[in-house]
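2 protein chains.
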Amino acid sequence: MAKKHDETPLRGLLRLPVGESVDLSAHDARATPGRPGGKSAGRAATARLGKDLAGLQERLWAAATAGDRRRMLLVLQGMDTSGKGGAVKHVIGLFNPAGCRIHAFKAPTPEERRHDFLWRVEKALPQPGEIGIFDRSHYEDVLIAKVRSLAPRDEIESRYDRINAFEEALADDGVTLVKCFLHISYDEQRRRLLRRLDRPDKRWKFDPRDIEERALWPVYRQAYETALTRCATPAAPWYLVPADHKWYRNWAVAGLLLEHLRELDPRYPEADLDVAECRARLLKEP
Amino acid sequence: MAKKHDETPLRGLLRLPVGESVDLSAHDARATPGRPGGKSAGRAATARLGKDLAGLQERLWAAATAGDRRRMLLVLQGMDTSGKGGAVKHVIGLFNPAGCRIHAFKAPTPEERRHDFLWRVEKALPQPGEIGIFDRSHYEDVLIAKVRSLAPRDEIESRYDRINAFEEALADDGVTLVKCFLHISYDEQRRRLLRRLDRPDKRWKFDPRDIEERALWPVYRQAYETALTRCATPAAPWYLVPADHKWYRNWAVAGLLLEHLRELDPRYPEADLDVAECRARLLKEP
Chain A
1 MAKKHDETPL RGLLRLPVGE SVDLSAHDAR ATPGRPGGKS AGRAATARLG KDLAGLQERL
61 WAAATAGDRR RMLLVLQGMD TSGKGGAVKH VIGLFNPAGC RIHAFKAPTP EERRHDFLWR
121 VEKALPQPGE IGIFDRSHYE DVLIAKVRSL APRDEIESRY DRINAFEEAL ADDGVTLVKC
181 FLHISYDEQR RRLLRRLDRP DKRWKFDPRD IEERALWPVY RQAYETALTR CATPAAPWYL
241 VPADHKWYRN WAVAGLLLEH LRELDPRYPE ADLDVAECRA RLLKEP
Chain B
1 MAKKHDETPL RGLLRLPVGE SVDLSAHDAR ATPGRPGGKS AGRAATARLG KDLAGLQERL
61 WAAATAGDRR RMLLVLQGMD TSGKGGAVKH VIGLFNPAGC RIHAFKAPTP EERRHDFLWR
121 VEKALPQPGE IGIFDRSHYE DVLIAKVRSL APRDEIESRY DRINAFEEAL ADDGVTLVKC
181 FLHISYDEQR RRLLRRLDRP DKRWKFDPRD IEERALWPVY RQAYETALTR CATPAAPWYL
241 VPADHKWYRN WAVAGLLLEH LRELDPRYPE ADLDVAECRA RLLKEP
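If you read the sequences in order, they're chains A and B.
UniProt numbering puts the first residue of the first sequence at 1, with every later residue one more than the last.
UniProt numbering puts the first residue of the second sequence at 1, with every later residue one more than the last.
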């Protein structure tokens, strides 16, 4: 098992150092750390991870039936068009869907707004044995909430520490957090928005408000830098996934999940039953 | 589009006639109606359906963003080991997991028992644009509930009509119900239970109570026959899927979903935006 870890030592390559200021302009969105070849080799490499991912997921699920509380939570954040939905489709699509709990966080509903910002997050958490996936997350409450002043400054300021405490409590309760910031460049976002406009089968994804959000790119970048700096903790580090190349993004997210699952090393539970007696009962019936 | 329907005219082959008594002993669980060749050809045929399934799912989802309320609900029922979980893994695994809402119904919780039997079902329904999947369902309330006398006789008797009214209301609200009874033979169940006992990676799925349930096979069969007879309606027919061959079961369930999705023929919505103006705004920025 230990040897296999080394095949994709992505965590070391992509983890943002805890306690250091993040400067996103220092990270190339087109980079391919640990690169599995180019586009077609990368796609094939991702597909090859599928079997191991699904196998480890089954063991995690099986272990939960015997009381193991461990589970995984993939948090996907990134600018519009950075590929959060694409990662769900292509990476989470490799798992057994029955064991995945996917939640896409939208603008809070009136009911959600009446509660603390973590209320709706608690309700969407994976159960023991599950792979949880957040497409956006509680981080929106220090990102768009900050950029658009959706909450008082003091309130937002207090959230970083509360997020850290929340995530540490989750980790203590058996949740392995894999927080991925999908890092795309300003130019790549323009290309993707133009593609959405040009292709009739993509146009429904286009929202003219995306152009207004894009105008705030530097403010969002700053909000991301603060969140990535203040909420990278030993219990729940952030991974920066260069995401201008979709094939690389998928491979990297899949690889990160695989490394974490391998480290968890979930085991099929020992069955608490008399196998010989059960066999005999089944064989003697009409 | 019409031509493509005819490639897998499974609905006609597998649909139980409305208003006729169902006799399960008349149906061969090893049959392969509309058979796509044998095991390996069948598996390949299922895999080939994946692209069309995912493509139609995306359109269904896209249409929902523009107000289309349509969605699909796959109901999977069948004796223990009939392959409900396998169908989710292999068939639903072909879809984008973000658009699937999967619910496995277990024994009702104390809270669920305090409500009407349809209460927990309502909460698990797919939203517009989604593919909902029930691994077991409200039918358990006329199956195990009847076999194990978990509710008064009158109460159970009243449920058939209430299920029909419930499903008709769903259909009127845009839900396409695809109810599949996975039909396995008594012998095949024994083989599958023995395999679970013999394989260390399957043993965790074995529950000695399965042997006791199996002893009630004739009573369950009768309860199924009643449910399939009384709840096959024009709005929500039942499909009998011979399930002794796993490869056939997967192909048939995938094919049924595909036929229904093709009939829905969801369309990408027309974008309500000025494409030229959006292009210009994106191109003139720094």
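A hint or two may mislead.
When chains are identical, the list treats them as one kind, so a pair holds in a single copy or across two.
[What the hints assert, rightly or not] For lysine-lysine, the following DSSO-like pairs were computed, each having C-alpha atoms within a straight-line distance of at most 30 Å:
no., residue 1, residue 2
1, Lys246, Lys284
2, Lys89, Lys284
3, Lys284, Lys205
4, Lys284, Lys51
It is worth saying that the hints were derived from the structure and are not from the lab.
Of all the hints numbered above, which does this structure not satisfy? Sort the numbers upward. 2, 4
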